[in-house]
Amino acid sequence: MLFNSAHFLVFLPIVLILAKILKGTYQRVFLLLASLYFYNAWHPATIVCDDIRTSSWYENWIDLSFCNYNINLYIIILIVSMVVDYAAGRLMSKAEVSEKFRRLCLIVSLITNLGILAYFKYTNFLLEVFADLINQISTGEPLKIEHLKIILPVGISFYTFQSMSYTIDVFRRNLEARKSFLDFALYVSFFPQLVAGPIVRAHTFFRDLDDTPKVTADDVQIAFAQILMGFTRKIVFADNLAKVVDFTFNNYKILNPAEIWVGALAFGWQIYFDFAGYTDIAIGTARLFGYKFDPNFNFPMVARNIADHWSRWHISFSTWIRDYIYIPLGGSRVGVLKGYRNLFITWLFAGIWHGAAYHFVGWGLWQGIMLGIHREYSKTKLASWLNERGGISYDIGARVFTMFCLSFGFIMFRAKTMKAAWAMMKSLVFAVPGGIYSVKTFVNYDYGILLVICFILSYYFSRNPIETIVENKKKFGVFVTANLFIILFFGAGGQNFLYFDF
Numbered sequence: 010m011l012f013n014s015a016h017f018l019v020f021l022p023i024v025l026i027l028a029k030i031l032k033g034t035y036q037r038v039f040l041l042l043a044s045l046y047f048y049n050a051w052h053p054a055t056i057v058c059d060d061i062r063t064s065s066w067y068e069n070w071i072d073l074s075f076c077n078y079n080i081n082l083y084i085i086i087l088i089v090s091m092v093v094d095y096a097a098g099r100l101m102s103k104a105e106v107s108e109k110f111r112r113l114c115l116i117v118s119l120i121t122n123l124g125i126l127a128y129f130k131y132t133n134f135l136l137e138v139f140a141d142l143i144n145q146i147s148t149g150e151p152l153k154i155e156h157l158k159i160i161l162p163v164g165i166s167f168y169t170f171q172s173m174s175y176t177i178d179v180f181r182r183n184l185e186a187r188k189s190f191l192d193f194a195l196y197v198s199f200f201p202q203l204v205a206g207p208i209v210r211a212h213t214f215f216r217d218l219d220d221t222p223k224v225t226a227d228d229v230q231i232a233f234a235q236i237l238m239g240f241t242r243k244i245v246f247a248d249n250l251a252k253v254v255d256f257t258f259n260n261y262k263i264l265n266p267a268e269i270w271v272g273a274l275a276f277g278w279q280i281y282f283d284f285a286g287y288t289d290i291a292i293g294t295a296r297l298f299g300y301k302f303d304p305n306f307n308f309p310m311v312a313r314n315i316a317d318h319w320s321r322w323h324i325s326f327s328t329w330i331r332d333y334i335y336i337p338l339g340g341s342r343v344g345v346l347k348g349y350r351n352l353f354i355t356w357l358f359a360g361i362w363h364g365a366a367y368h369f370v371g372w373g374l375w376q377g378i379m380l381g382i383h384r385e386y387s388k389t390k391l392a393s394w395l396n397e398r399g400g401i402s403y404d405i406g407a408r409v410f411t412m413f414c415l416s417f418g419f420i421m422f423r424a425k426t427m428k429a430a431w432a433m434m435k436s437l438v439f440a441v442p443g444g445i446y447s448v449k450t451f452v453n454y455d456y457g458i459l460l461v462i463c464f465i466l467s468y469y470f471s472r473n474p475i476e477t478i479v480e481n482k483k484k485f486g487v488f489v490t491a492n493l494f495i496i497l498f499f500g501a502g503g504q505n506f507l508y509f510d511f
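For reference, each letter of the sequence shown is one residue, going 10 to 511 in my numbering.
Since the hints were made in silico from the structure, they are not lab data.
Computed from a predicted model, the values in this text were never measured in an experiment.
A few of these clues could be false.
Below 27 Å or equal to it, Euclidean Cα-Cα: the simulated DSSO-like pairs (lysine-lysine) are [said to hold, decoys possible]: (1) 188 x 301; (2) 262 x 252; (3) 223 x 32; (4) 130 x 153; (5) 158 x 130; (6) 425 x 262; (7) 483 x 301; (8) 428 x 262; (9) 109 x 188; (10) 301 x 484; (11) 484 x 223; (12) 347 x 390; (13) 301 x 482; (14) 301 x 32; (15) 223 x 483; (16) 158 x 428; (17) 130 x 428; (18) 301 x 29; (19) 425 x 153; (20) 484 x 252; (21) 425 x 435.
For each label pair, taking beta carbons as the anchor points, the in silico distance ranges come out as [said to hold, decoys possible]: (22) 137 x 387: 45 to 55 Å; (23) 358 x 484: 22 to 32 Å; (24) 159 x 499: 37 to 47 Å; (25) 190 x 410: 49 to 59 Å; (26) 336 x 113: 36 to 46 Å.
Built from N, CA and C at the ideal position, the CB exists for glycine as well.
Given these sequences and hints, build the entire structure.
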């Protein structure tokens with residue numbers, strides 16, 4: 010179910026009212042069923058129910074599940090993940106079991122979760138890599154492997170990581186295993202963050218589940234403001250920027266460097282507003298039920314450097330890979346070379362998590378390269394001197410430079426292939442003959458102005474958080490009026506959230 014749909018606008022108030030009426034176990038059962046209903050509303054557009062296929066058992070199973078019964082049987086995958094991780098947590102928590110058995114329980118949990126994720130998300134990519142390797146060493150006829158018709162279950166990367174964090178924390182004895190399967194199932198499937206995050210840690214969710222704070226008038230106002238800002242980010246900014254992004258990446262072969270720069274920058278802002286908009290709605294919606302999730306974005310597009318950017322962008326994911334991959338590998342405490350090894354392994358993993366393709370691998374490695382260069386630069390006297398005496402000129406220049414460096418990553422993230430991404434990146438650095446180009450000739454020139462507005466608004470709200478705006482009645486009134494106005498008059502909705510593909 011899309012947040013930006015009429016279905017959700019009917020679903021949310023009904024669920025909210027009934028959840029307030031029900032108490033205790035009844036409320037939890039209702040929220041679990043509502044969350045499963047929310048997930049069941051997803052039906053892949055790739056399935057054509059008018060043309061039932063019976064060429065294989067897999068396609069026949071899809072037809073039966075999605076078409077004949079109108080039920081999303083991918084819920085079974087979600088439930089399997091819940092059952093395995095709940096059982097692993099309970100078994101690991103028993104006092105009489107050995108460390109060897111506890112480790113076995115963790116391994117079973119990780120293999121189950123990562124195995125399911127690998128099959129649905131990485132099977133075709135691994136087949137492609139295998140074919141490429143064979144073709145590199147073979148002199149015969151090129152090997153071509155046809156992709157399997159595997160449909161990626163929406164949200165699988167998010168709920169898999171969320172569930173795995175629970176079992177890992179229980180194994181580390183950082184968290185007490187949950188006795189109630191109902192509580193654990195609700196933690197994994199709670200609908201606001203089910204399909205696109207944020208990745209909520211178990212201790213945060215169970216804290217509010219066990220002692221759900223009373224939802225005050227201030228909570229409602231803050232939640233409403235956050236949801237409203239989320240819709241503005243998505244419908245007004247992200248969906249309008251999508252027009253120039255789609256045009257640029259579909260026509261990059263005939264565009265000049267200035268036009269590609271605009272398109273690359275536009276995509277960075279598009280995916281930021283799209284994903285931050287989703288998490289704003291998710292966090293605001295959860296707050297209406299009494300759950301206070303940690304922020305997932307902290308205005309990363311005005312960051313001064315790449316490390317600052319990643320401390321602000323998709324915080325629930327960046328802290329996840331830090332806590333469960335980078336630090337267990339040894340972090341930066343194992344020497345310089347091993348520290349960089351750990352850094353690149355972590356960001357290679359981050360790239361592959363986002364997508365099964367070479368250009369996502371390239372994106373992940375590029376983040377590692379930038380972070381490594383920044384780490385060395387920050388040790389220099391020049392960095393210290395500029396930070397102390399650079400003033401506003403250095404501050405602005407650092408933010409702009411960071412944005413342009415990120416643009417290369419944005420291109421790899423958005424391009425359909427690594428070949429296309431490489432062609433666009435070369436165009437950004439090596440201008441084709443013909444002199445300096447002007448974006449005034451660009452068919453989407455107006456979006457250059459929109460990018461400037463995006464930067465200014467992000468900088469303003471980074472200095473004026475929603476809580477501060479809500480405290481001031483005049484500011485809050487202007488905020489609500491302005492958002493409703495631009496949504497009504499400048500909204501360009503109807504598009505899916507980008508992170509549904511991950």
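So, going through the hints one by one against the coordinates:
no.: 1; hint: 188 x 301; in the structure: holds (23 Å)
no.: 2; hint: 262 x 252; in the structure: holds (17 Å)
no.: 3; hint: 223 x 32; in the structure: holds (13 Å)
no.: 4; hint: 130 x 153; in the structure: holds (20 Å)
no.: 5; hint: 158 x 130; in the structure: holds (11 Å)
no.: 6; hint: 425 x 262; in the structure: holds (13 Å)
no.: 7; hint: 483 x 301; in the structure: holds (25 Å)
no.: 8; hint: 428 x 262; in the structure: holds (12 Å)
no.: 9; hint: 109 x 188; in the structure: holds (22 Å)
no.: 10; hint: 301 x 484; in the structure: holds (23 Å)
no.: 11; hint: 484 x 223; in the structure: holds (25 Å)
no.: 12; hint: 347 x 390; in the structure: holds (24 Å)
no.: 13; hint: 301 x 482; in the structure: holds (23 Å)
no.: 14; hint: 301 x 32; in the structure: holds (19 Å)
no.: 15; hint: 223 x 483; in the structure: holds (26 Å)
no.: 16; hint: 158 x 428; in the structure: holds (24 Å)
no.: 17; hint: 130 x 428; in the structure: holds (21 Å)
no.: 18; hint: 301 x 29; in the structure: holds (17 Å)
no.: 19; hint: 425 x 153; in the structure: holds (19 Å)
no.: 20; hint: 484 x 252; in the structure: violated (32 Å)
no.: 21; hint: 425 x 435; in the structure: holds (16 Å)
no.: 22; hint: 137 x 387: 45 to 55 Å; in the structure: violated (38 Å)
no.: 23; hint: 358 x 484: 22 to 32 Å; in the structure: violated (42 Å)
no.: 24; hint: 159 x 499: 37 to 47 Å; in the structure: holds (38 Å)
no.: 25; hint: 190 x 410: 49 to 59 Å; in the structure: holds (51 Å)
no.: 26; hint: 336 x 113: 36 to 46 Å; in the structure: violated (23 Å)
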